[in-house]
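As they're listed, the protein sequences go chains A and B.
Here full-length UniProt numbering is used: position 234 in the first sequence is 234, and no number is missing along the way.
Here full-length UniProt numbering is used: position 41 in the second sequence is 41, and no number is missing along the way.
Worth double-checking, as some hints may not be accurate.
Pairs involving identical chains hold if they fit within one copy or between any two copies, as the list cannot separate such chains.
[Unchecked claim] In the EDC-like style, the derived pairs of lysine to aspartate or glutamate whose C-alpha atoms are separated by at most 16 Å in a straight line are:
#  : residue 1 : residue 2
1  : K219      : D193
2  : K29       : D130
3  : K219      : E85
4  : K356      : D84
5  : K29       : E160
6  : K29       : D134
7  : K29       : E329
8  : K356      : E283
9  : K356      : E341
10 : K219      : D370
11 : K356      : D370
In short, the hints are calculated from the structure, not lab data.
2 protein chains.
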Amino acid sequence: MSAPAPSASTASLSYEQAGVNYDLIDPLKVAAQRAAAATAGHLAGHGFTEVPASRGESAYVVDVGPFYLASIVECLGSKALVADEMKALTGRSYYDGIAQDTIAMAVNDLITVGATPLVVQAYWAAGGSDWFGDAQRAQALVAGWKAACDRCGVAWGGGETPALAGIVESGRIDLAASCTGIINPKSRLSVGDQLGAGDAIVLLASSGIHANGLSLARKLTERLPQGYLTEVAPGLSYGEALLAPTVLYSPVTEALARAGVTVHYSANITGHGWRKLLRHPAELTYRIHTVPAVPPVLRFIQQHAGHDDREAYSTLNMGAGFALFVPREQAEQTVAIARAEGVEAVLAGQVEAGAKQLLIEPLGIRFASDDLQLR
Amino acid sequence: MSAPAPSASTASLSYEQAGVNYDLIDPLKVAAQRAAAATAGHLAGHGFTEVPASRGESAYVVDVGPFYLASIVECLGSKALVADEMKALTGRSYYDGIAQDTIAMAVNDLITVGATPLVVQAYWAAGGSDWFGDAQRAQALVAGWKAACDRCGVAWGGGETPALAGIVESGRIDLAASCTGIINPKSRLSVGDQLGAGDAIVLLASSGIHANGLSLARKLTERLPQGYLTEVAPGLSYGEALLAPTVLYSPVTEALARAGVTVHYSANITGHGWRKLLRHPAELTYRIHTVPAVPPVLRFIQQHAGHDDREAYSTLNMGAGFALFVPREQAEQTVAIARAEGVEAVLAGQVEAGAKQLLIEPLGIRFASDDLQLR
Numbered sequence: 001m002s003a004p005a006p007s008a009s010t011a012s013l014s015y016e017q018a019g020v021n022y023d024l025i026d027p028l029k030v031a032a033q034r035a036a037a038a039t040a041g042h043l044a045g046h047g048f049t050e051v052p053a054s055r056g057e058s059a060y061v062v063d064v065g066p067f068y069l070a071s072i073v074e075c076l077g078s079k080a081l082v083a084d085e086m087k088a089l090t091g092r093s094y095y096d097g098i099a100q101d102t103i104a105m106a107v108n109d110l111i112t113v114g115a116t117p118l119v120v121q122a123y124w125a126a127g128g129s130d131w132f133g134d135a136q137r138a139q140a141l142v143a144g145w146k147a148a149c150d151r152c153g154v155a156w157g158g159g160e161t162p163a164l165a166g167i168v169e170s171g172r173i174d175l176a177a178s179c180t181g182i183i184n185p186k187s188r189l190s191v192g193d194q195l196g197a198g199d200a201i202v203l204l205a206s207s208g209i210h211a212n213g214l215s216l217a218r219k220l221t222e223r224l225p226q227g228y229l230t231e232v233a234p235g236l237s238y239g240e241a242l243l244a245p246t247v248l249y250s251p252v253t254e255a256l257a258r259a260g261v262t263v264h265y266s267a268n269i270t271g272h273g274w275r276k277l278l279r280h281p282a283e284l285t286y287r288i289h290t291v292p293a294v295p296p297v298l299r300f301i302q303q304h305a306g307h308d309d310r311e312a313y314s315t316l317n318m319g320a321g322f323a324l325f326v327p328r329e330q331a332e333q334t335v336a337i338a339r340a341e342g343v344e345a346v347l348a349g350q351v352e353a354g355a356k357q358l359l360i361e362p363l364g365i366r367f368a369s370d371d372l373q374l375r
Numbered sequence: 001m002s003a004p005a006p007s008a009s010t011a012s013l014s015y016e017q018a019g020v021n022y023d024l025i026d027p028l029k030v031a032a033q034r035a036a037a038a039t040a041g042h043l044a045g046h047g048f049t050e051v052p053a054s055r056g057e058s059a060y061v062v063d064v065g066p067f068y069l070a071s072i073v074e075c076l077g078s079k080a081l082v083a084d085e086m087k088a089l090t091g092r093s094y095y096d097g098i099a100q101d102t103i104a105m106a107v108n109d110l111i112t113v114g115a116t117p118l119v120v121q122a123y124w125a126a127g128g129s130d131w132f133g134d135a136q137r138a139q140a141l142v143a144g145w146k147a148a149c150d151r152c153g154v155a156w157g158g159g160e161t162p163a164l165a166g167i168v169e170s171g172r173i174d175l176a177a178s179c180t181g182i183i184n185p186k187s188r189l190s191v192g193d194q195l196g197a198g199d200a201i202v203l204l205a206s207s208g209i210h211a212n213g214l215s216l217a218r219k220l221t222e223r224l225p226q227g228y229l230t231e232v233a234p235g236l237s238y239g240e241a242l243l244a245p246t247v248l249y250s251p252v253t254e255a256l257a258r259a260g261v262t263v264h265y266s267a268n269i270t271g272h273g274w275r276k277l278l279r280h281p282a283e284l285t286y287r288i289h290t291v292p293a294v295p296p297v298l299r300f301i302q303q304h305a306g307h308d309d310r311e312a313y314s315t316l317n318m319g320a321g322f323a324l325f326v327p328r329e330q331a332e333q334t335v336a337i338a339r340a341e342g343v344e345a346v347l348a349g350q351v352e353a354g355a356k357q358l359l360i361e362p363l364g365i366r367f368a369s370d371d372l373q374l375r
């Protein structure tokens, strides 16, 4: 990657400068999406059909008769690099949290369509056999993976632990998870056809940066005299704060289903920050009247990257890790159920008829339809 | 990786010298398998159960009531490195075949338990955004991925295309596929409880090395004066021959199911070569009376690596990519159905009562139970 180093520590640091060039990736993505869509007809040969609306969603859904089947594969991204740096600085292994992050990337996407996650598969591709020779780290990865499965009530089916010298860099690991679930009863399917004016927007709290925006966060250490050991709050280093594991939201969505709450739509707030609230293609206005508390590490990144609120909310989760769109009369119940599951939640706003836009009123921010290009 | 270079070109080249040290990976694998097995109880919370016998098999199976659900994630391994070298030498992109290889790794494992593959997800983790900027290569990857989905009758659900600079090496890509399928009717489940004395062993032909043994095959180029351009047969370079795409076997297993052939057990012959025929834990003798033709590239590797038949058959597929264990009276029909699907097949032997061992009689080779440690 040839991202130029910022010339001065006061310059604003963009996501592109941090090393991700979507102009190069997007043509492939579009070609792949078209080719993928053209394969849907194969399901008819088995007596099944896809749920076409799921094509643009976070997980792919197939109607297999008695219920829907949902599946996904998701990558952790570059967060493990922070764990590696912090291990060198502190001697601790953070791979228990990294394991949770990886599972969260898959599970939190899978549940957006209304699925109950059933099986997780592990994909741990190391830069060489010797990666697995660090017993402390390997055990942390295994223990954290199991704990996250326990928290989500999923079975860990198995997985792959290849040693990929020459593809994965020496001393590094490429972590991903695949997840399969079912939508049962079928009425739990939430791909947005029920979404409409009058729905309430409930935001579930994040624990920090989760696993998106790490390229930017890592790049930022070049501006910090103490790097990852710089304090973001008294006694809390930047590195420790970045490594707070991603919240697993499936216990909340499962509890909502048990309680009879109807989720009309949901969005996992990952890359693209709050613009993910505009995920559904419908022409609707999302009006936010209450924003959740911003975790110290995200405020710290915003300040040191020189981002205004608009740029920060367009890139980072800023305290909201998951959005639920529910009937207005079930909004308070939704908040209460989330809290009972140990996840802070806020009734943040409502869906209204009108142009497709997100209005974050307390901050005077407006994101319009063309601020998010996902499909 | 610290594999020593061979001191002379006549020395035998072992798999460990080629850079894979299972002694480092295996303790993690065992710990992960134990932790994974301990999560099975979570399925009861959803009203389901795992199929315990699938824990040691190539795909994980859950009983979801009307049918079984099978899922898997599989890595391509290092075969893409050969495509990269050959691109530099010939100007051609081989990523259409590489895509097929990647899907084959997942599909050919999934079908061993009797599953019909339904959905494939793509995992394409590049060393940087610029990987995707090579349009010829990117289009070959997309086209090959779709063609393999078409051949297997699976829907391409979506996937991930992360740019992982700092984790995946610059200019490289880490390719994997996840696959979800169902076993329907449930009588198609083949985890080995029907396997027994009297069953016939039908071997389906491979196209070459497939995607296992590539570390050894790549290492071998150091001994070849013309490297990948060395001819293994008139007009066929070593590199071209290595890149023959892995055969997709699901059209055969689906055709067998339609024809009413009962598959008692099956094995995808990947790493560990023919020792995979010993995969099932039962005490049974597998007697081979006919071996399939050996693809020129595998004979070439055997000769140049200085391997005797025993070592070659213990590492490479030697012409047999997939093994089907079927009732004796359906053996000829099995061979005919495979051929009708364009896959060469041979009635190779039978299962007998006796000590757990594989006897390859035409070659005078015996593999015993302790030659394969998978569980």
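Verification of the hints:
In this assembly of identical chains, the alpha carbons of K219 and D193 never lie at most 16 Å apart, being 40 Å within a copy and 55 Å across copies at closest. Within a single copy, K29 and D130 get their C-alpha atoms only as close as 34 Å, which misses the 16 Å cut-off; across copies the closest is 13 Å, which meets it. Only within a single protomer do K219 and E85 lie at most 16 Å apart by alpha-carbon distance; the minimum there is 13 Å, versus 32 Å between protomers. Neither within a single protomer nor between protomers do K356 and D84 lie at most 16 Å apart by alpha-carbon distance, with minima of 42 Å and 45 Å respectively.
For the homomeric pair K29 and E160, the shortest alpha-carbon distance between copies (9 Å) is at most 16 Å, but the shortest distance inside one copy (25 Å) is not. When the C-alpha separation of K29 and D134 is checked against a cutoff of 16 Å, the pair qualifies only between copies, where the shortest distance is 13 Å, while the shortest distance within a copy is 36 Å. Proximity of K29 and E329 under a CA criterion of 16 Å is satisfied in neither setting, with 39 Å inside one chain copy and 49 Å between copies. Only within a single protomer do K356 and E283 lie at most 16 Å apart by alpha-carbon distance; the minimum there is 5 Å, versus 66 Å between protomers.
Taking identical chains as interchangeable, the C-alpha atoms of K356 and E341 are never at most 16 Å apart, the minima being 32 Å within one chain and 51 Å between chains. In this homomeric assembly, K219 and D370 never come within 16 Å of each other (Cα to Cα): the closest approach is 27 Å inside a single copy and 50 Å across copies. Taking identical chains as interchangeable, the C-alpha atoms of K356 and D370 lie at most 16 Å apart only when both belong to the same chain, with a minimum of 9 Å there against 65 Å between chains.
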